[in-house]
Amino acid sequence: MNANDVVELLSDSLRTAKEAGASSVPIERLEAFSLEIKRLVQNSPSEQALPEVQMERYKAELTAWIGDKQHLHAWNLEMLRSVIVAGQAALKSSLLINGAAAVALLAFIGNMVSSNKSSVVIGTAEALVFYVFGVLVAAVATGLTYFSQAGYGNEFGKYSRTMGLAGHIGAVIFVLVSYVMFGYASFLAYRMFICIAN
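Under this note's numbering, read the sequence shown as residues 1 to 198, first letter to last.
Hints were generated in silico from the structure; no laboratory data involved. It cannot be assumed that every hint is accurate.
What the hints assert, rightly or not - Pair by pair, the computed Cβ-Cβ distance ranges are:
#  : residue 1 : residue 2 : range
1  : Ala150    : Val53     : 18 to 24 Å
2  : Ile173    : Lys117    : 14 to 20 Å
3  : Ala150    : Glu78     : 32 to 38 Å
4  : Gly99     : Gln70     : 42 to 48 Å
5  : Lys158    : Val83     : 21 to 27 Å
6  : Lys158    : Glu52     : 19 to 25 Å
7  : Tyr146    : Gly99     : 37 to 43 Å
8  : Ala64     : Glu31     : 15 to 21 Å
9  : Glu78     : Leu176    : 22 to 28 Å
10 : Ile173    : Asn76     : 32 to 38 Å
11 : Val25     : Ser82     : 36 to 42 Å
12 : Arg191    : His71     : 51 to 57 Å
13 : Ser34     : Ser82     : 28 to 34 Å
The structure presented is a predicted model; accordingly, all values stated were derived computationally and were not measured. The C-beta atom is built at its ideal place from N, Cα and C for all residues, glycine as well.
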């Protein structure tokens, strides 16, 4: 394979990528592409021009390689979208369950105060505190998702990846803590309702 063959392969591959809708190429993918061309050159028989059939075979190999890389990129992008949707659902549900429980318990406490059952109010207030803190923790988790996205978007310079990962892990932990607070507050409310029934 001579220099003209390499240039023709490169031009053909760029044309194929452009026709597939690519408008830019990350450096990492360009380096991988360069290594693939280097491998093809090393495996070619000589420095002479390649016969038409062999040149077409190399073009087909590079086109298949580019297609595989584009497919992998599209798959990774789709996985990222699904993770974002799942994370949003977890955040919304943690805010909703704690917020709704806090409002319901607050209405119950208001009813007990108007009925002069202040001993019940003291017991249910503890559960209310955990519901409210569950909402607060879920709100902090929502803030951490923005922090995480800024990190993954290279907003923090050389520390971007680390900051993005820290925000990501923090958001997951805070959502889980919010669920635990909901469970514990529900247990406290249940225990108080059992005491009221007796």
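Hint check, failures only: 1, 2, 3, 6, 7, 10, 11
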